[in-house]
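Whenever a hint applies, use it, and build me the whole structure from the sequences.
As they're listed, the protein sequences go chains A, B, C and D. In this text, residue positions in the first sequence follow our numbering: the first is 1, and each later residue adds one. In this text, residue positions in the second sequence follow our numbering: the first is 1, and each later residue adds one. In this text, residue positions in the third sequence follow our numbering: the first is 1, and each later residue adds one. In this text, residue positions in the fourth sequence follow our numbering: the first is 1, and each later residue adds one.
Derived from the structure by calculation, the hints contain no laboratory data. Quick caveat, the model's predicted, so the values are computed rather than measured. One or more of the hints may lead you astray.
No copy labels: a pair is met if it fits in one copy or bridges any two.
DMTMM-like mimics (lysine to aspartate or glutamate), calculated; alpha carbons at most 25 Å apart, straight line [unchecked claim]:
(1) Lys255 to Asp315
(2) Lys382 to Asp198
(3) Lys152 to Asp24
(4) Lys255 to Asp303
(5) Lys255 to Glu277
(6) Lys409 to Glu204
(7) Lys229 to Glu25
(8) Lys402 to Glu111
(9) Lys320 to Asp24
(10) Lys80 to Glu32
(11) Lys377 to Asp24
(12) Lys409 to Asp378
(13) Lys266 to Asp378
(14) Lys267 to Glu121
(15) Lys320 to Asp378
(16) Lys206 to Glu32
So you can see what is in the structure, the chains are spelled out below.
There are 4 protein chains.
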Amino acid sequence: MPIERSNKKKIFNDPVYGFINIPDELHFDLIEHSYFQRLRRIKQLGLTHLVYPGALHTRFHHSLGAMHLMQQAIQLLRNKGYAITQHEAQAASIAILLHDIGHGPYSHTLEQTIIQGVTHETISLLLMQRLNAQFHGALDEAIAIFTDNHPKSFLSRLVSSQIDMDRMDYLKRDSFFTGVTEGNINADRILAMLEVVDNELAIEAKGIYSVEKFIVARRLMYWQVYLHKTVLSAEHMLMKVLLRAKEISPQLVDKITDPLAFFLQKKGQFKQLDEDENALKYYSQLDDFDVFTALKIWYNHPDKVLRLLSQAIVDRQLFKVEISTTDFPEERKDALRKNICNHFKLSAEESNYLLISGKTSNHAYHPQQARINILYKDGSIKDISEASDQLNISVLTFPVTKYFLCYPKVLA
Amino acid sequence: MPIERSNKKKIFNDPVYGFINIPDELHFDLIEHSYFQRLRRIKQLGLTHLVYPGALHTRFHHSLGAMHLMQQAIQLLRNKGYAITQHEAQAASIAILLHDIGHGPYSHTLEQTIIQGVTHETISLLLMQRLNAQFHGALDEAIAIFTDNHPKSFLSRLVSSQIDMDRMDYLKRDSFFTGVTEGNINADRILAMLEVVDNELAIEAKGIYSVEKFIVARRLMYWQVYLHKTVLSAEHMLMKVLLRAKEISPQLVDKITDPLAFFLQKKGQFKQLDEDENALKYYSQLDDFDVFTALKIWYNHPDKVLRLLSQAIVDRQLFKVEISTTDFPEERKDALRKNICNHFKLSAEESNYLLISGKTSNHAYHPQQARINILYKDGSIKDISEASDQLNISVLTFPVTKYFLCYPKVLA
Amino acid sequence: MPIERSNKKKIFNDPVYGFINIPDELHFDLIEHSYFQRLRRIKQLGLTHLVYPGALHTRFHHSLGAMHLMQQAIQLLRNKGYAITQHEAQAASIAILLHDIGHGPYSHTLEQTIIQGVTHETISLLLMQRLNAQFHGALDEAIAIFTDNHPKSFLSRLVSSQIDMDRMDYLKRDSFFTGVTEGNINADRILAMLEVVDNELAIEAKGIYSVEKFIVARRLMYWQVYLHKTVLSAEHMLMKVLLRAKEISPQLVDKITDPLAFFLQKKGQFKQLDEDENALKYYSQLDDFDVFTALKIWYNHPDKVLRLLSQAIVDRQLFKVEISTTDFPEERKDALRKNICNHFKLSAEESNYLLISGKTSNHAYHPQQARINILYKDGSIKDISEASDQLNISVLTFPVTKYFLCYPKVLA
Amino acid sequence: MPIERSNKKKIFNDPVYGFINIPDELHFDLIEHSYFQRLRRIKQLGLTHLVYPGALHTRFHHSLGAMHLMQQAIQLLRNKGYAITQHEAQAASIAILLHDIGHGPYSHTLEQTIIQGVTHETISLLLMQRLNAQFHGALDEAIAIFTDNHPKSFLSRLVSSQIDMDRMDYLKRDSFFTGVTEGNINADRILAMLEVVDNELAIEAKGIYSVEKFIVARRLMYWQVYLHKTVLSAEHMLMKVLLRAKEISPQLVDKITDPLAFFLQKKGQFKQLDEDENALKYYSQLDDFDVFTALKIWYNHPDKVLRLLSQAIVDRQLFKVEISTTDFPEERKDALRKNICNHFKLSAEESNYLLISGKTSNHAYHPQQARINILYKDGSIKDISEASDQLNISVLTFPVTKYFLCYPKVLA
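Written out as structure tokens, the structure reads:
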């Protein structure tokens with residue numbers, strides 16, 4: 001009875017779910033591809049590990065986890081009698097597996113500095129199309145789901161909506177690796193409550209508390225982790241380094257890697273990433289190592305701004321952060337800039353690199369985005385913000401905005 | 001170097017915290033006392049295990065768990081520089097260890113049926129006083145803390161308030177044993193944020209998300225577990241059995257245990273439990289075994305009402321439950337009563353035992369009770385319902401009320 | 001698209017696995033049956049909770065858990081290409097669901113005292129046959145699997161062997177509820193390694209360390225939990241109570257329940273439980289409540305032996321235990337008996353009830369029982385005790401025997 | 001009552017233990033030092049994440065975790081009455097905090113290739129001495145403990161022995177992040193069983209099963225993780241890259257970082273690392289980024305051997321591995337070398353870089369190293385290998401050796 005089995009039925013160990021099964025050869029081959037392997041070298045949470053030292057997990061692991069949840073969701077929907085063909089199941093699974101393939105290192109940071117004009121979502125689609133060509137059209141249906149062009153639109157919602165497999169995995173995973181256990185959500189229960197109504201996802205009414213919990217956990221993770229003030233400080237310091245490096249790129253010695261050098265020297269915004277075949281090639285090689293190794297190299301660079309910022313990140317001497325619900329007065333900022341000039345012997349223009357100010361905001365629940373529908377026993381549907389009997393989720397629909405100001409600790 | 005050590009330094013295994021240490025001989029001797037051992041035979045959540053089969057944990061284990069958290073809280077407060085003497089620490093720990101010692105089996109059910117006029121809190125105090133006499137006044141300070149008569153009132157808040165060791169342990173423990181993981185709270189983090197301001201407990205401002213999470217988790221546990229409609233049904237069925245048994249107590253054969261027989265035959269309300277020395281003696285023997293074994297005996301009883309209800313609980317053929325945000329119309333109830341009379345050949349008066357109607361309500365956060373104070377870096381204090389920037393906890397301060405109607409499934 | 005769904009597709013919450021799904025109506029109806037509901041009132045580990053206070057979980061929960069693992073095992077074997085029909089899957093699942101249905105309260109204790117001559121295994125089969133009659137033969141195949149009369153014998157091994165779903169669930173569950181985390185096993189990994197060779201179960205060679213771990217964990221649970229010396233003491237005290245009650249059963253007042261009274265009055269051994277229809281009826285009503293409530297009643301009984309033992313168990317004043325690798329000398333026992341007579345004013349014959357001596361032994365791995373086969377890549381098979389490269393599992397095949405002696409602490 | 005508190009009382013989030021407290025300012029300042037911050041950039045398990053994608057945790061986090069266990073161990077020993085002064089406690093804690101400070105990136109790999117002649121232990125001591133100078137002798141006692149020159153030798157055992165805080169943390173942590181849950185050990189229980197006898201550590205006899213479990217878990221982690229065949233393959237491929245890079249270092253373009261370039265150009269062995277002040281300076285800058293970024297640069301290098309190996313690691317096209325209990329015949333190796341020459345058009349000498357052969361071995365328990373003592377109630381002491389009643393730990397004292405052979409998959 002022992003049976004011929006493909007060597008491509010691999011199992012990954014995952015501390016979050018135990019085991020993750022690779023369901024078929026196409027998944028296996030996509031995972032083996034260098035585009036996907038690159039995600040092993042891109043941390044899910046950028047510099048967050050400077051605050052939560054366990055947060056070193058990668059987009060590779062997250063993508064596998066989201067795929068795992070998708071397999072479960074499809075199985076549960078099928079058990080409830082919703083028809084999903086084998087090919088649709090594969091396509092939905094591949095769509096979520098590849099949803100982050102366009103992410104670069106320190107993604108939000110780079111998109112605001114050296115890779116402007118294109119988002120990681122459009123790059124994900126571009127790379128999926130390249131893979132589709134290499135795999136002779138095997139990803140057609142996955143791309144239809146990813147771009148919300150599939151007749152069963154609930155499959156697209158599983159990939160992207162306010163309660164999709166992406167969010168469920170990243171909340172569980174980020175909570176797990178940071179150790180912020182309050183962010184853990186009960187994905188099993190939410191998945192068990194999934195229904196499809198009029199081609200859209202819905203949640204059974206008895207799952208309403210779990211959805212509320214999900215929204216509250218997500219909000220907690222935003223303020224406690226993703227927008228943690230020290231993380232904000234580190235990320236904005238990295239932006240400043242990259243902006244400085246871009247400004248002085250001609251004089252940067254050629255120690256840094258080719259992919260990073262390419263993007264530092266790029267003038268202006270991209271219209272699309274494949275406007276230049278080199279851009280796509282270098283992008284698909286760019287990872288955390290290129291960026292952080294550059295910081296290590298610039299630790300001793302003659303440019304004082306570049307050097308000071310690089311040292312501060314490498315040695316984790318992060319800037320002091322102040323947070324406020326209103327913007328900081330210009331006089332305060334001017335005074336700080338002046339202090340920076342004096343203390344570090346910098347020009348007025350250079351001092352801007354050592355003063356960070358900005359704002360950040362978060363919606364716990366976006367009523368304009370794909371809504372979370374609650375399905376009642378009588379077949380009626382309500383949005384979660386109306387369905388909740390008390391936890392006033394409608395209150396959570398207003399964005400919260402916070403202003404921040406960061407500067408070297410020595411000036412505090 | 002090996003050292004004489006008391007055999008009374010015991011360690012309990014606890015799946016929730018790992019290990020629970022008994023800190024000294026007085027604790028050990030109190031735990032050994034038959035008053036406290038009785039709590040081994042009283043389930044924390046009464047009949048909830050009929051819905052969540054793991055929920056068999058006892059008030060014994062909960063009391064040890066709350067004591068464990070108290071030890072940690074005291075240690076953390078001392079580390080922060082708040083002065084707590086060794087005797088105060090012992091007293092606070094004993095106050096929480098014994099806070100539930102007056103609970104009877106299926107406590108809320110019995111208080112509304114056969115043990116009327118006294119609450120478990122007053123019985124806890126009574127039993128503590130008896131123990132204090134036996135232990136020659138060693139519990140004086142514990143009683144002062146328990147009754148909020150201690151100069152360091154924050155110690156009383158650790159025993160009883162909206163964020164006390166009791167709640168923290170029961171939320172963690174009930175979540176753990178039911179498997180409703182969303183109810184799990186991060187006690188470690190909340191304890192780490194504890195401060196004392198003006199003799200009252202407060203929480204550091206950076207712990208605000210954890211407190212919000214605590215309130216939301218508690219609310220979720222209420223609706224998902226404590227007030228779960230099938231649990232409500234089972235508990236009200238038990239009330240009906242006990243009321244029926246009380247009504248016909250003279251004809252109940254003497255199979256049932258003496259403690260239960262005593263309370264079934266008691267006429268009217270207690271003024272206080274020690275008005276009759278027998279009452280106290282029998283109460284201190286009464287546990288889940290007396291009550292549930294009576295149901296097993298009444299399974300074959302000639303009184304049809306007693307028999308039907310007992311069979312329904314023992315075999316878990318629980319009543320159908322309907323829930324509504326408004327009360328059910330009297331005509332509906334009358335029609336159901338008529339059906340019951342017909343179907344079961346019961347008199348109109350007897351039919352009342354098979355129809356249950358009532359209401360239940362819950363506050364997620366009571367602004368009138370001891371408030372949850374948030375302490376800011378500038379030393380100012382706000383109530384959590386004002387401090388939260390978005391999660392409108394003030395909304396949670398209104399009670400939610402639900403009406404229920406339960407009747408035999410055969411009539412549904 | 002919303003779909004008619006049976007109300008019988010229930011989900012149980014389980015803190016061990018998260019959720020347990022009831023796969024079909026037959027399972028649902030069997031679980032609802034009073035035979036199966038009785039298991040809710042039978043603790044898996046008898047009096048073990050006197051040492052590990054969390055160990056209150058029931059045979060009901062264990063049976064559901066083992067069924068859950070069976071569902072997973074079948075799914076994984078099918079994924080590997082082994083043919084299992086839908087009806088076989090249902091049958092295997094029901095066989096494991098009902099494998100413990102013949103267990104009585106404090107099972108091992110009762111089998112050695114008041115229910116002699118029949119084992120719980122034979123009673124399980126008897127009750128399955130009764131259920132089969134009620135369900136018109138729907139359990140035929142389940143019974144074939146349970147009795148090892150099914151052509152696919154590997155299905156019988158999943159129900160009963162040294163690495164069956166029963167053991168996997170009870171090790172995980174007992175470890176979970178006692179808090180002895182070292183007993184936790186990785187059921188997921190072992191299940192993922194299952195293969196079928198020549199109609200027998202085998203484990204892929206790369207799972208060898210997990211199997212070793214399983215055997216070591218099981219051994220640890222034996223000595224740390226199942227044969228814990230205080231648990232031994234409590235269980236043997238309960239045997240002594242029951243033996244005493246049996247001896248003096250005519251004078252026992254009729255407070256105790258009918259099922260227990262029946263078995264106390266039974267003379268001699270059973271040949272089979274259904275030799276007397278009353279025996280089967282009463283057995284199917286007997287649970288922990290009958291036995292422990294009797295102890296509470298006997299707490300004040302005029303018979304001194306019955307009273308002393310009952311008080312000691314109820315108030316948890318357990319006997320002192322001594323353990324030795326050799327038997328205790330008769331003189332030692334005689335001296336203790338004499339002390340007991342003097343101290344408690346008992347006759348020589350009565351003193352035997354307060355002195356417990358005996359031995360206990362455990363095999364970590366039984367080479368004579370259904371072996372654990374390891375499957376190598378070349379298709380060859382070895383027994384685990386030969387396959388392990390170093391952990392000398394063959395050493396674990398010898399039984400370890402320990403002698404114990406228990407007596408009232410006052411004599412220590 | 002609010003109190004002046006140092007900003008240096010920091011708390012780290014840790015998914016393994018929840019929270020880790022920094023006990024005092026000296027610890028804080030050492031953690032802030034760039035020597036210690038470097039450990040943030042050195043993964044505990046090198047390339048193991050290529051097999052277990054979660055295994056990205058760092059020596060930084062492990063060092064904090066081991067410090068956390070040390071704090072607990074000291075607290076528990078003090079509770080048992082063993083005298084440990086405040087300064088000794090601080091010293092032991094610092095000794096374990098810094099025990100890995102001399103580790104380089106991919107430590108075992110580098111010690112066999114480009115940093116020969118000095119072990120990470122001697123470098124740890126060297127760096128501790130430098131820190132001691134900077135901190136004006138504050139580390140004198142910590143160094144005495146680290147070097148086993150302290151009168152309370154049990155403190156040195158807590159830092160280094162077969163059951164030290166280092167091992168306990170790494171087993172727990174590696175098990176946690178790999179997801180190999182069978183490697184998890186119950187550190188709490190082992191710590192609770194610690195005693196001191198004749199200035200040496202011992203374990204109470206009732207902890208014997210936990211110690212056995214610890215040894216078995218460690219053995220499992222060795223074979224399942226540390227010596228996993230694919231990990232072996234990756235690590236030996238990295239060795240080959242570095243050896244090749246060293247051989248052709250003059251022609252390596254200057255893209256690689258200065259610290260790595262220094263060590264690649266070093267001729268021969270070090271006598272001691274501070275024989276050259278540059279060596280120490282560069283070593284204290286060297287981390288995973290230097291090494292892995294070099295692989296990314298060499299991905300396109302003209303040297304074919306360097307390029308092939310670098311591509312294979314970066315894209316995770318790892319060599320096929322064969323394992324055997326006996327060495328592989330020379331003819332087999334010669335044939336493979338010949339195939340490599342043909343397939344890749346390499347010289348005979350170059351082909352050696354693409355063929356890896358070697359052996360690996362592991363002791364589960366070393367009887368020659370600091371033994372694990374079991375303390376009996378009568379005060380006697382036995383080595384664990386004699387104390388265990390059955391699990392033949394003496395069998396585990398023999399080393400197990402396995403031979404391996406790795407080569408490009410294309411030749412398989």
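Hints that the structure is at odds with (numbers, increasing): 13
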